[in-house]
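Colleague: Protein chains in written order, with our numbering: chain A, 1 to 327; chain B, 1001 to 1327.
To be clear, the hints were calculated from the coordinates, so they are not data collected in a lab. These numbers come from a predicted model, not from an experiment. Don't take each hint at face value.
Which bits of chain B does chain A cover? Going by a derived footprint, with three or more residues having C-beta under 8 Å, they are [said to hold, decoys possible]: (1) 1158–1165; (2) 1261–1270.
In the DSS-like style, the derived pairs of lysine-lysine whose C-alpha atoms are separated by at most 30 Å in a straight line are [what the hints assert, rightly or not]: (3) B:Lys1154 - A:Lys302; (4) B:Lys1302 - A:Lys95; (5) A:Lys95 - B:Lys1286; (6) B:Lys1095 - A:Lys286; (7) A:Lys154 - B:Lys1302; (8) B:Lys1154 - A:Lys154.
Glycine is no exception: its CB is placed at the ideal position from the N, C-alpha and C atoms.
Number of protein chains: 2
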Amino acid sequence: MPKRDGVIVGVDLGGTSMKALAVDARNNILAVEKTATDRNKKPSDLIADIASVARKAVESAKLEMKQVEAVSVGAPGSIDHNNGIVHEAPNLGWKEIKLGPELKRHLGVPVVVDNDVNVGLVGEHALGAGAGAAFVAGIFVGTGIGGALIAGGKLYQGSRGGAGEIGHTVILVDGPLCSCGHRGCAEALASRTAMERDVRAAIQAGQQSVVLKLMAKKEKSRMTSSIIHAALKQDDEVMRNVLERAQRHLGILVANAVNLLDPERVVIGGGIAGRLGEDFVGPIRKTAYEYFLRPDDARRVKILPGQLGDNAGALGAVVLARQRLGL
Amino acid sequence: MPKRDGVIVGVDLGGTSMKALAVDARNNILAVEKTATDRNKKPSDLIADIASVARKAVESAKLEMKQVEAVSVGAPGSIDHNNGIVHEAPNLGWKEIKLGPELKRHLGVPVVVDNDVNVGLVGEHALGAGAGAAFVAGIFVGTGIGGALIAGGKLYQGSRGGAGEIGHTVILVDGPLCSCGHRGCAEALASRTAMERDVRAAIQAGQQSVVLKLMAKKEKSRMTSSIIHAALKQDDEVMRNVLERAQRHLGILVANAVNLLDPERVVIGGGIAGRLGEDFVGPIRKTAYEYFLRPDDARRVKILPGQLGDNAGALGAVVLARQRLGL
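With the hints as constraints, model all of the structure from the sequences given.
Modeller: Put into structure tokens, the structure is as follows:
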């Protein structure tokens, strides 16, 4: 049975759900499958779930696994991309998990593994907001804040694939406590988690806000991007103030990245950027421009919302697999 | 007359003085010449001075300019290294100065120009504290704070040679005012200039310190590295406290760079590191380790003082010229 058009399955392995896309050589999405990530399962069972969602995507595309060139996974945490090992993924409770080799055993095709933020930026660089630029910084804002860098057209990996933790750069020494245990990280000031903390604190302090009511109505335990969007539509002042403060911190974070790394483009990805688009990125851009060291960078450096939405990671995993395997 | 052993003249163009080294193919320093940088001169006259100090180094090495392969200059500010143009050097009051072409006209040999911090790190990477590492971050602490990055064994230049401005990354939002006009930059918290400001403020507030007396005695208008060293030797408490605060901020800055860029080594260069060595770098390293995101980076990432002292820039300029010109 011949390979069909170099089909690759890209998997975006998230902390709450995983998504598999079957993609052909021209980057057409042939099929999409999604399933919950059950973090209570032991790693080997969760890896069986990844194999299963990848297989389902192949079936939905009316193909068989042997017609597929590779399966490529974007996984959270610190990754040894040469050996497909997840060193540490706090989101999944994983340590030193041989994701690549085990998936390969399940599926019988080559498997590529890299960090979820890295593949997200590779996706935006190949097919979205970063297209055509050789130096692109990516900042992905969600429950946390992740970063990645394209340098000279290629993913910057650092000395052992751990680069990009821009969310854990300190921008306010002795600032609020971060999930990593340090204080003042960008993630503790401007992630969705930080915004939810600030909204709850404002409500606790007696300010009026529709956020908790919206969460109850939509049966969400967390302040998701859609809750933020809905609250802003109702002109919720607490939400607006909290968002503006986060945007200012993100603007300074973007300027730090531009002053340090001299990219020609910055892509703001993740759920909030996907939901709010220019309403999210506009104020970030404005602050970033104020903090640029080289004034002409304001003409030169484009700051754009991601264009691929939820598909950035899985599509980027496909593109990266093609590069790695020389397809 | 034959070229002699691929001799190159490296020039470190500083805001107060410039230094030229004649260096042979085995990186032996054949001659050293130094002269003051007169910032009141117009650019073309200052460039004539650079040509003159380079010529003197060649004469001291008992050579003639036609025996020299190239002259290579590390200049402050933002540089177009492809065309040898200094876009902007606030230290010199320069804007869009054709340093490379004009020097070439004076000297009749190929001229290479790059940023002073870039060539400093190239020097430490080739011949000093960065030797043997493929990913090296350099942080140079002096009147300002400069940065540079070696990635995959090569100088990271960014999209137009402007990368490395780690001194103007904000680490304390709304913190003290920086020379660049923004607030909370690392340079406004931990440069020699920031330390002098804090020492003067402490004295103003009535604290006892020997620093101003030492400056008067040594006829220095600024708190130089040697003044800092002398004050610490006299156990000056104001100096010690101010230095410790700067070291803590530098440790956080180092951790930001490691978390973002994943280097295997960090070189702390510049005058204070040269003067104080491990007494300067030790406390920086301790704080950086506390702020590392990946705990095993504390075993993996070496943080070292620069080894080449004042010669890092000129030697690095020589090494870079050899790479650029394929010598």
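Colleague: Compare the structure with each hint and give your call.
Modeller: Hint check results:
Restraint check on the stretch 1158–1165 of chain B versus chain A: 8 residues with Cβ-Cβ distances below 8 Å, three needed, restraint holds. Three residues within the 8 Å Cβ limit are the bar, and the stretch 1261–1270 of chain B against chain A gives 4, so the coverage statement holds. A hinted pair counts as satisfied when its Cα atoms are at most 30 Å apart, and Lys1154 of chain B with Lys302 of chain A qualifies at roughly 26 Å. A hinted pair counts as satisfied when its Cα atoms are at most 30 Å apart, and Lys1302 of chain B with Lys95 of chain A qualifies at roughly 24 Å.
Taking the CA atoms of Lys95 of chain A and Lys1286 of chain B, the gap is about 26 Å. The hint holds against a cut of 30 Å. With a C-alpha separation of about 26 Å, the suggested pairing of Lys1095 of chain B with Lys286 of chain A holds against the 30 Å cut-off. With a CA separation close to 26 Å, the supplied pair Lys154 of chain A and Lys1302 of chain B stays within the 30 Å bound. At roughly 15 Å between alpha-carbon atoms, Lys1154 of chain B and Lys154 of chain A fall within 30 Å of each other, so this suggested pair holds.
Checked against the numbered hints given earlier, this structure breaks none of them.
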